[in-house]
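Assemble the complex: chain V is given as a structure, and chain H must be docked to it using the hints.
Protein chains in written order, with our numbering: chain V, 4 to 230; chain H, 648 to 900.
In short, the hints are calculated from the structure, not lab data.
Computed from a prediction, not measured in an experiment: that's the story for all the values here.
Please note: incorrect hints may appear among the correct ones.
To be verified - Derived Cβ-Cβ restraints for the label pairs, each shown as a range:
# : chain 1 : residue 1 : chain 2 : residue 2 : range
1 : V       : 48        : H       : 785       : 34 to 44 Å
2 : V       : 205       : H       : 675       : 31 to 41 Å
3 : H       : 686       : V       : 203       : 35 to 45 Å
4 : V       : 48        : H       : 675       : 33 to 43 Å
5 : H       : 830       : V       : 75        : 16 to 26 Å
6 : H       : 672       : V       : 23        : 31 to 41 Å
To be verified - Where chain H lies over chain V, by a calculated footprint (3+ residues, C-beta under 8 Å):
# : segment
7 : 29-39
8 : 56-65
9 : 179-190
Said to hold, decoys possible - Not close to chain H: a few residues of chain V, all C-beta gaps over 10 Å, as computed:
#  : residue
10 : 10
11 : 135
12 : 149
13 : 173
14 : 207
Note that beta-carbon positions come from the ideal geometry of N, C-alpha and C, so glycine has one too.
The residues making up each chain are set out below.
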Amino acid sequence: MSWVLDNLGLIGGLTLDHLRQSVIPLVIGFIISVPLGWVAWRYRLVRSGVITITGLLYTIPSLALLILLPSVLGYSIVSETNLIVALAIYAVAILVRSVADGLDSVDPGVRQASTAIGYGTFRRFWAVDFPLAGPVILAGLRVAAASTISLATVGILVGVINLGYLFTNGLQRRIIPEVLAGVVVVVLLALLVDFVLVVAGRLLMPWTRATAVRRVRRAPIGAEAAG
Amino acid sequence: MNLFIDAFAWIFSPDRLSGDLPLQLALFQQLAYTFVSVVIAALIAVPVGWAIGHTGRGREVAVAISGAARAIPSFGLLILLVLLLGVLRKPEAAVITFVILAIPSILAGAYTGLEAIDRRVIDAGRAMGMTEWQILWRIEVPLGLPLLVGGLRAGTLQVVATVAIAAYIGLGGLGQYIISGLQLRQLDVIIGGAILVAVLALVLDALFAIVQHLVVPRGIRAGAVAAGSEGRKKTSRTAPERPVGVTTADAAR
Chain V
4 MSWVLDNLGL IGGLTLDHLR QSVIPLVIGF IISVPLGWVA WRYRLVRSGV ITITGLLYTI
64 PSLALLILLP SVLGYSIVSE TNLIVALAIY AVAILVRSVA DGLDSVDPGV RQASTAIGYG
124 TFRRFWAVDF PLAGPVILAG LRVAAASTIS LATVGILVGV INLGYLFTNG LQRRIIPEVL
184 AGVVVVVLLA LLVDFVLVVA GRLLMPWTRA TAVRRVRRAP IGAEAAG
Chain H
648 MNLFIDAFAW IFSPDRLSGD LPLQLALFQQ LAYTFVSVVI AALIAVPVGW AIGHTGRGRE
708 VAVAISGAAR AIPSFGLLIL LVLLLGVLRK PEAAVITFVI LAIPSILAGA YTGLEAIDRR
768 VIDAGRAMGM TEWQILWRIE VPLGLPLLVG GLRAGTLQVV ATVAIAAYIG LGGLGQYIIS
828 GLQLRQLDVI IGGAILVAVL ALVLDALFAI VQHLVVPRGI RAGAVAAGSE GRKKTSRTAP
888 ERPVGVTTAD AAR
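Bound conformation, chain V alone (with noise of 0.2 Å):
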């Protein structure tokens, strides 16, 4: 522990550049992924060519995507841009689909109701789909925002100094509290982001209450055929 309370600055600046580190690519991704998401629900075809490209994307391991990218970006490595844009792509990755199932959930009633009240196209979506699909797209940025919260440890393997530095620091000095302190806060961190994630929830999605979303026995692979 005594590792801990002589190194309280250290921690405390690695927690500030990993907090920056992980937060602009979710609102970056976050910025992306409402007009793709939409474009990709609005229109079936490009639907599973955005969801196939997005999801191969994502497939691509994070130590191989921090560097493939750099290379053909042309940036540097070791630069902050580097894991930033690396975070936002994966972000984005889950994003599409959460904006897409948020907007299929849109009860198409309301949706026929307000067009009939005279929303346009544009107003109709900020002012109805975009709220009401707003439970399913905070599930999905509670996933992502996790997800690369301790994602973005590994930006250390390429230079971009954050929490992870922690642990390579701590493995070559044989230091365990250091070690476990990287792990507790980055833990610590995603909590915060993610109570932070709820209670915005709240405060702009008044009326899903405490009750959050109610699981619906979900609707079989096989109830196709049932119809």
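Frame of chain V; chain H shown alone:
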């Protein structure tokens, strides 16, 4: 693009089959760690997942554990275990990490596969006098198989990616090229290694996509075609908190 020409030249150089870490050995190590870890994880997660899916009990616990596990940085856990177990037990530390990493996806695949089944189908089995055991093996397991394979697929991809990272502790595997290349600043080796890791992941993903397609029981496949896109839309609608694992798994369908 010269970088990539150099990288491919490195990959296809005859020297790759000899030297400190020949390509075939690295590939074997990578696959062996992945396979062993996923099998162990499946032996733990599949029975538990089926129990949860069949009885409907314990789901909240499983969801909470899966959610928490996602936040744990596997790279940090690996190094922590290496330090705790001692440097000589690196392989054990690595396999424990990979198993912990793979369990949530496989567990989710197992229980969502069972939960996704139309209750009427199960009730019909019960009404015909099937025992619980028969319901599990003859109805629930076959119908839940595609989602279970989806969970295995997600787990395998996570593990294969993490095995690459685990090269940092000297575990071998394809990631070793990237790690030693980074230390020696050899760009062709780094990019060559990254290409190999990426291609392996894509190939495994494609294989699982095929398996996932094959395990759909015949009766359902016929029905799915008849039901058309309307039925498919319904499946995606009612899944608000599908785990990432299953998400990617479904992606290629």
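Going through the hints against the structure:
Evaluation of the 34 to 44 Å hint for residue 48 (chain V) and residue 785 (chain H) yields a pass: the beta carbon distance comes to about 38 Å. In this structure the hint that residue 205 (chain V) and residue 675 (chain H) lie 31 to 41 Å apart at CB is violated, the actual value being about 51 Å. A beta carbon spacing of about 41 Å between residue 686 (chain H) and residue 203 (chain V) agrees with the range 35 to 45 Å that was offered as a hint. Between residue 48 (chain V) and residue 675 (chain H), the C-beta spacing of about 41 Å keeps the proposed range 33 to 43 Å intact.
Between residue 830 (chain H) and residue 75 (chain V) the beta carbons are some 23 Å apart, a value that agrees with the proposed interval 16 to 26 Å. Checked against the given bound of 31 to 41 Å, the beta carbons of residue 672 (chain H) and residue 23 (chain V), roughly 40 Å apart, stay inside it. Under the rule that three or more residues need a Cβ within less than 8 Å of chain H, the assignment of the segment 29-39 of chain V is violated, with 0 such residues. For the segment 56-65 of chain V, the proposed coverage by chain H is satisfied: 8 residues have a C-beta within less than 8 Å of a C-beta in that chain, meeting the threshold of three.
With 7 residues having a beta carbon nearer than 8 Å to a beta carbon of chain H, the segment 179-190 of chain V meets the requirement of three or more and the stated coverage holds. The claim that residue 10 (chain V) is not at the interface with chain H holds, since no C-beta of that chain comes within 10 Å of its own (minimum 16 Å). At roughly 12 Å from the closest C-beta of chain H, the C-beta of residue 135 (chain V) stays outside 10 Å, upholding its exclusion from the interface. Not every CB of chain H is more than 10 Å from the CB of residue 149 (chain V) (nearest about 5 Å), against its label as outside the interface.
With a least CB separation of 7 Å from chain H, residue 173 (chain V) falls inside the 10 Å interface cut-off, contrary to its annotation. With a cut of 10 Å on Cβ distances, residue 207 (chain V) stays outside the contact zone with chain H, its closest approach being about 17 Å.
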